[in-house]
Structure formats: C-alpha cells, structure tokens
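Engineer: As a plain string of letters, each chain reads:
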Amino acid sequence: MTQMVQIFLLGMSLGGVYALMAAGLTIVFGVMRIVNIAHAAFMFIAAYITYFLFQSFGVDPILSILVTMPVMYLLGVVVYRLVFARIADSSRFAELTVLLTFSLALVIEGLLGAMFTNIYRSTNPRYATDAILFGNFYLPEGQFYATLISLALLGGLWLFLRTTRTGYAIRAAMQNRTAAQVVGVDVSRISTIAFGLGMAMAGASGSLSSFLFTFFPGKHWEWVAILLSLIVLGGMGSLLGSLVGAFALAVSAAYVSYFYGPTWSPITFFLALFLILMFRPRGLFGKPMEA
Amino acid sequence: MSAAANAKTELQSPGLPGSASKPARKWFLAALLIALLLFPLTNLVSGSMNYVLFMMLYIFMYIAMASSWNIIGGYTGYTSLGHNVFFAIGAYFSGVMLVYFKISPYLTAPLAGLLAMGVGLLVGVISLRTRGPAFIISTVAMILLVKITFDNWDYIGGSNGLSLPIPDLDVTISKFPPYYAMLLLAVGAVYLSYRIRHSKFGLGLRAISQDETKAEVAGINTNYYKILAFAISALFVGMAGSIWGYYLTYLRPNIFLTVLMAAQLVLMTLLGGKGTVAGPVVGAVVFILANEFFVSQLGFTELNIVATGVLMIVVLLFFPEGIVGTLKERGKLPQFLDWE
Amino acid sequence: MLLEVQNVHAGYGAGPSILQGLSMAVEKGQSYCIIGPNGAGKSTLLKVICGLLHPRQGQVLFKGNPIHTLRTDQILMQGISFVPQDRSLFPDMTVRENLRMGGYILKDRKEVERRIDAVYELFPLLKERGNQLAKTLSGGQQQMLAIGRSMVLRPEIIMLDEPSLGLAPKIARQIFDSIQFLKQGGMTVLLVEQNARLGLKSADWGFVLDLGKMSFDGPADSILADERIQELYLGRQKPPRGGETA
Ligand SMILES: Nc1ncnc2c1ncn2[C@@H]1O[C@H](COP(=O)(O)OP(=O)(O)OP(=O)(O)O)[C@@H](O)[C@H]1O
Ligand SMILES: [Mg+2]
Chain A
3 MTQMVQIFLL GMSLGGVYAL MAAGLTIVFG VMRIVNIAHA AFMFIAAYIT YFLFQSFGVD
63 PILSILVTMP VMYLLGVVVY RLVFARIADS SRFAELTVLL TFSLALVIEG LLGAMFTNIY
123 RSTNPRYATD AILFGNFYLP EGQFYATLIS LALLGGLWLF LRTTRTGYAI RAAMQNRTAA
183 QVVGVDVSRI STIAFGLGMA MAGASGSLSS FLFTFFPGKH WEWVAILLSL IVLGGMGSLL
243 GSLVGAFALA VSAAYVSYFY GPTWSPITFF LALFLILMFR PRGLFGKPME A
Chain B
8 MSAAANAKTE LQSPGLPGSA SKPARKWFLA ALLIALLLFP LTNLVSGSMN YVLFMMLYIF
68 MYIAMASSWN IIGGYTGYTS LGHNVFFAIG AYFSGVMLVY FKISPYLTAP LAGLLAMGVG
128 LLVGVISLRT RGPAFIISTV AMILLVKITF DNWDYIGGSN GLSLPIPDLD VTISKFPPYY
188 AMLLLAVGAV YLSYRIRHSK FGLGLRAISQ DETKAEVAGI NTNYYKILAF AISALFVGMA
248 GSIWGYYLTY LRPNIFLTVL MAAQLVLMTL LGGKGTVAGP VVGAVVFILA NEFFVSQLGF
308 TELNIVATGV LMIVVLLFFP EGIVGTLKER GKLPQFLDWE
Chain C
2 MLLEVQNVHA GYGAGPSILQ GLSMAVEKGQ SYCIIGPNGA GKSTLLKVIC GLLHPRQGQV
62 LFKGNPIHTL RTDQILMQGI SFVPQDRSLF PDMTVRENLR MGGYILKDRK EVERRIDAVY
122 ELFPLLKERG NQLAKTLSGG QQQMLAIGRS MVLRPEIIML DEPSLGLAPK IARQIFDSIQ
182 FLKQGGMTVL LVEQNARLGL KSADWGFVLD LGKMSFDGPA DSILADERIQ ELYLGRQKPP
242 RGGETA
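Residue numbers (the numbering used here), protein chains in the order written: chain A, 3 to 293; chain B, 8 to 347; chain C, 2 to 247.
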C-alpha cells in the first residue's frame, strides 16, 4: 500500500511539469488554432540553452528560467510574425499550421543537432540526484522543485488570464474569435502575445526538463507526441482539460512503469488517446466536435 | 499523326474526358514505362549503374507511398502523419515470414499489403471519429504506439531489430528484383489513385474534403468512405515496406517508425500538389533529388534536415497548392503531366 | 450623412465578390432594416462596415471619413458596434465578464463598471444572472446579453444581425421593444432581419439587398406596402395593400 502511494506521489510530482508543457501548447491552440508540433522542439531549445549556461558558466538550471522564458517569448513573437501571421486568413489554416510547425520542428532539430551533436545530454545540479523525505515517502528533489515551480508558473498564468486586460482578451479569443474581434480585441496582436506566452512556457519547461530527463535533438518527437495526446485527451483548447489530463496521465504512467517496466510508460499516453477517441472523441473537457 | 500534332488537337478540343482524348499523354506514359522497364539492362553493359538503380527504386517506392497517402490526405482531406506505420507493418510481416518460415518477401508482399490494410481499417475506425488537428495527432500517436510495442516485442527482435538473410545475387543484377518490384508498386499505386480519382467513390471523397457535413447531407456515408479510403491508402505502403525491408536486410523500429519518415511522405505530396494524380509523383521525384542534392552538398545530415524543413516552409507559405497545383492554376501545366 | 457605403465590392478569400457595387446611406437617429433572401450578402455588408472584412473596391465613410481600411477595434472606437448573427458571446465567461469585454477598448475600468450598471438598469434580468456563465443562458437572454454588451460602448450606430433568429415570437418582440428603446435614446439602428415584416415595422427606412446590390430602398412602410417587394421577398401571406392586422 505504501508502495502504491509512493508511486502516486512520484506520478503527481511529474504531472506539474507535464501540465506546464501542455498549458503552453493549449494556449497556442486555443487562441490561434495552431497545433504546434514544434512545441517540444522549442522546449528543447530552452533545454539546450540551459545546458549551455550550466556547462559554461555553472548557472543553476532553475535560475536559467529567467533567461529562457524571455528569450523564448521573443523567439515566439518573431516566429509568429514571420510564419503564421501571413497565413491567418487562409481557409486551410489548421492544416497548414500542422505542416508548418512540423517543418519548424525539423529545422530546430537539425540546428540543435549541428550545434550540440546527437549525444544524450542533461544538466546535473546537486538536486537532480538527491531526494527529499516526507515521513515514509520520498520525492526526488529535482522533481519536487520542478513541480513547485511549474505550479507557481501555472498559478501565475491563471492570475494573468483572470485579472489582466490582456489576459481577458486571450481568454476571449480562445472562447470565440469573432466575438473577440467584435468587442475590439486586436486578435492579431493578441495571437502574437499568446504565441509568445506559449513559447515562454515551453522555455520554462525546457529548463526544468534539462535536469529531469535526458535529451538529444531527435527526442522531441516523443515528447510532442505525448503532449499532443494529452491535449486531445483534455479536449483541444481546454486549459483545465489539459491540466487534469496531465496529472491523470502522469500518475497512470508511473503505475504502468512500476508494473510493466519504464519502457512501457509512454504508451499510457497513446493508449489513453485512442481510448478517449473511441469513447469520447471530443476529449474530456472539449466542446462537441471541435475540429 | 505525331504526338505533337495530337497535342494540338487536344488543346483545341478541351472538355473531352477520359484518357482516350489525351493521346500525347498516353504516348508519353507508354514511352516512359518502356524506358523504365529497359533501363536496368544498361547495368549489364556498363555495370556502374547500381547507384542510379538504387536512386530510382527509392523514388519508385516513394511514388507508390505518396500516391497512396494522397488518397486519404489529398482526396479526402484527412492529413495522416502516421503512414509509415503501415510501411513498418509490411516490412516486419514479410521479414518474419522470411526469417521464421523462409518465404520470400516477393511472395508475401501482397499479404503484407492486405495486413496493412486491415490494420488501417481498425485504426481508421477509431481515429476517424475525430477530424482536423485531433485526427492528425492521433496518427502521430499511432507511430509512437507501434514503435514502443515493436521495441518491446522480442519475437520480432525488439529494439535491436531483425536481421534478414542477404539475397544471394550477382552484384550486376542484385538491384533488379527490388527495382522491378518497386516499379510495379509505383505503377500500381498511381493507377489505383487515377481510378479512384475518376470513380464515384473518389467523388465522394472529394465531397468530404470540401465540406463533410454537406457530403453527409447529400447522402454519402462519410464514415464508410473515410475508413475505406484510409484502409486503401495503406495497401501499397505495406507492400513497399516489405520490399524495402528485404532490400535493407535489417529491420529496426527506430529506422521504420520515425516521425521524420511520415513527414517526408506528406511533404513530398504537398510539394507536388496534393489531391492531384501527378502531384505525388512529381513531388517524390523532386523531393528525393533535392534531398540527395542537399546531402551531397551539405554532407552533414543535420543541415540536411534543416534544408528539408526550410524548403517545406517556403513551399507551404508560397506555393501551398504544390508544383502541379500551382502550374495548373496558372494554366501552365504541360500536357504530359496532366494526368487527371 | 452619418454613414455612407459607396460602391462596395467585397468577398471572402479568393472567392467571388458577394457585394457587387453596393451603396447605401444612413442618417443620424433613424432606424434602418435591411432585408433580402438568404445568402444575399446582408451579413457580409455588416461585416464590411465594422471592419471584419475589407472591401475589394469602394469605400465606407463615417461622418465623411473613410473607415474601410481600419481594424474593427478602431471602428468600434469611432462609435459603430455590431452584434453578429450567431450572437458571438464568450460562452465560458459570466454575464458580467461578457459585459466587461464589451468595454474592452475603454481604458477606464471604473467607467466600464458604471456603464455595466447602466446596462443592468435597461435589462434587469442580466443583473440577476450576472454571475451565470453565458452558455447557460436561454436564446433570448443571450441575445439580450449580446445587445447589452455592445451598449457598453454607447455607440452612435448599433448594427444587429438577425436578432430574432431562433427566438419565440414573444421573445423576439421583447427584443424589438428594447431595440426601439435604443433608438429613442438617440442611437442609430441598422438591423438585418429575416423576419421582414417584424423588422420593417420597427424601422423608419428599409433596404432590400439582392444580388450583391441594394435593389430597393424607401420608407419602411412603403416597402411593406409595395406589391412587387411583397411578391419577391415577403411572401404573399397577406392581401396586397392590406394594412396592419397586428
Ligand atoms: N466566411 C465565409 N467564407 C466564405 N464565404 C462566405 C463566408 N460567409 C459567407 N459566405 C458566403 O457569402 C454569401 C453571402 O453570405 P451572407 O452571410 O452575407 O448572407 P446573408 O444575406 O446574411 O444570408 P442569411 O440570411 O442566410 O444570413 C453566401 O453565399 C455565403 O456562402
Ligand atoms: Mg446573415
């Protein structure tokens, strides 16, 4: 029994990071209907920046969030303006965005490979290997911090969306784009900001991932597949859905890993995706037939 | 009458449907086919054509696959980013039949195709319950799902893969069997694509891609159409897999089940022009030659990936209709490429 | 002239022009009703005026200044607001939040809250439902909220696209009553209505839009009475030249 609780805790402590990753993806999809296949690739840019800062200057990976978030925000703004703004009116927008982000992911993967080679990397600050004890239970220290920071960032995001004028505009655009336009939201500007915000969150989760997981440039595909499954599960564009999905699946994956071995744990996400498609195609929190 | 003269009459009498009215195209295709059939014989003379033969059979393979993908991705408008799953299934099925039962992949290829089709049917029933981005995502997930399964399936070699016996053929003719097999698949797939394009079934698929709700209202059983299109699009991909696996002589999940490969299939179809018969063919030829050029110039595989990505972004942003589509739109499509 | 549409051609994407040389003029303080068959381009016209769609040719003048190249938020700022055909609410926001979004372009939050209170006075029902999510409102309440939301800006012109769509006749009349009320408050009302009789009855002036142009315009009652228009657009449920029978 204690073992089961322990696994539950381990799952939950990764759920926060998954939720942070999924939130970035969800905002970008929700506001702009962009399925960002490159989300994990962007995350990896941040992971490599963190790696570089750690190796060269000994910068703490958690502290480097202060660098990666703004850098990724700016990169997001530039990419949005250069690539997506010009197709905003296309009737094939949804399909084009999938293919464009796909191509972007290739470009990023190739550049990272050229700069950092295809060797497995990770940062190893002290807390990456230590554990914290809570009575009978333990949590890897790194996971614990990462979850705290993820939750703090998600809380910050929530406050931002709930209280600021821009936050309202972003939520408005997520709920009904035309309506947002009609009340005078400059959706093109809001889209740029939202894309930047999604990338900033990819930045933070990339920094956190750098000491939680090992990575090499081509590995982002596995990540993005997991994250995409997660947001389909949550209902494409529902922030709450993706958060609930993140925690539920992180915990399930922890159990699968315990019972069947770690190589099987990612399969949890894909199986969950197909199950949800079979029984509730709109996802947990989705509107009916969200295309 | 010469082909050129025929081309003129054709231009003056537009609107006549069917292949009979386009003799220039017919001659072109017949000549092309004969040339392709005879081409390997040059290797008997010079013996140095193996690289060219390899490039050609590689192109044939992608023509077969892109044309098949076009049935679901182009005609029906459901972008699948997981078609190499069928490729892997074909390769592994024939590989297992060869390793454990000593049956040649050339014999089991059709079965491999049917198996892929069966799996396509099954996956289609589930994945096609959704549409748009969610569908695309479910097909990506399919790759990873199958990859993890194959990685952990010891009977088929797990993540170390499966080594196949090397065919014992003289080096001058060693490329002949895969060359002709892939040529057959390419011709078959293009023909299938052409027939579907001109059938009532194909019309239904196009209706779905235009407006699914309207298609349904018009009395098309859209579910049945979509699932069938998905399954059919797996057929030649599975067969290509079984031939290619035998050619490579080893099967590994991380070679056959990469998202990159699925992407290439989609990208070449888009490059050529999706939803057209000639598009996937043109796209496969141009894409693979361009890729080969990048590799030879940039060496470095990473920069090659970058070049592929950049090329695709440019195509998507500036020629979203692809080569054939754009030429057609501007009325500049040469007649020998107008295969509609 | 408050608003002038001059020889406007407009369409979607690379598609055909839906509006083909349409012109119309709107005077201050009057109410107008645009009728026409389905797909004639009525909604398209309103989208052009409020900047959701830019014309391919021609111009739109507000108080003599061209506005057809401006963004929607800039046009709103000038005093033209629009309630789309599907009502376009924010389903997962509360009634109050929806109203707050109505004042999005105003920087002064306190002023927005004051104006929301004014809207509440006009539609007490919205106040009752202030904390309810918009998606849980009934059709009529949603329409009320959509109108209330566009009132927050106190526009000079309010454009309503088929406000009675999908509403029971009684509710539809209530909505029209509140529109009347807006007009009495000095607002210029531009209405598109499928229910042509109801729409024309509540308006001063009528337009008939067909084949991408205005095919008739005149005082609303004369349009109601015009035999040709009756035949073409109103259906002949009533005896020609017959007066109103309520
Ligand atoms: N977003 C769009 N993209 C492409 N075509 C559109 C779009 N919206 C409308 N159309 C087309 O423009 C034409 C006019 O549409 P519009 O909505 O303006 O008609 P309407 O007069 O408002 O009709 P209704 O009475 O049915 O509301 C129609 O043929 C429609 O198909
Ligand atoms: Mg309309």
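It is worth saying that the hints were derived from the structure and are not from the lab.
The model shown is predicted, which means the values in this text are computed figures rather than measured ones.
Check each hint, because a few of them may be wrong.
Facing chain C, according to a computed beta carbon distance under 10 Å, are these residues of chain A, among others [unchecked claim]: (1) Q8; (2) S92; (3) A96; (4) Y170; (5) R173; (6) M176; (7) Q177; (8) A182; (9) Q183; (10) G186; (11) V187; (12) V189.
Facing chain C, according to a computed beta carbon distance under 8 Å, are these residues of chain A, among others [unchecked claim]: (13) D91; (14) A174; (15) A181.
Simulated crosslink set (DMTMM-like; lysine to aspartate or glutamate; CA at most 25 Å straight-line) [claimed, not checked]: (16) K214(C) x D87(C); (17) K109(B) x D161(B); (18) K207(B) x D218(B); (19) K111(C) x D91(A); (20) K136(C) x D188(A); (21) K207(B) x E299(B); (22) K64(C) x D188(A); (23) K221(B) x D91(A); (24) K221(B) x D87(C); (25) K221(A) x E328(B); (26) K108(C) x D188(A); (27) K335(B) x D91(A); (28) K136(C) x D93(C); (29) K184(C) x E228(C); (30) K221(A) x D177(B); (31) K171(C) x E129(C); (32) K109(B) x E219(B).
Glycine included, each C-beta is placed from N, C-alpha and C at the ideal position.
Engineer: Which earlier hints turn out false for this structure, listed by number in ascending order?
Structural biologist: 1, 3, 19, 21, 25, 29, 30, 32
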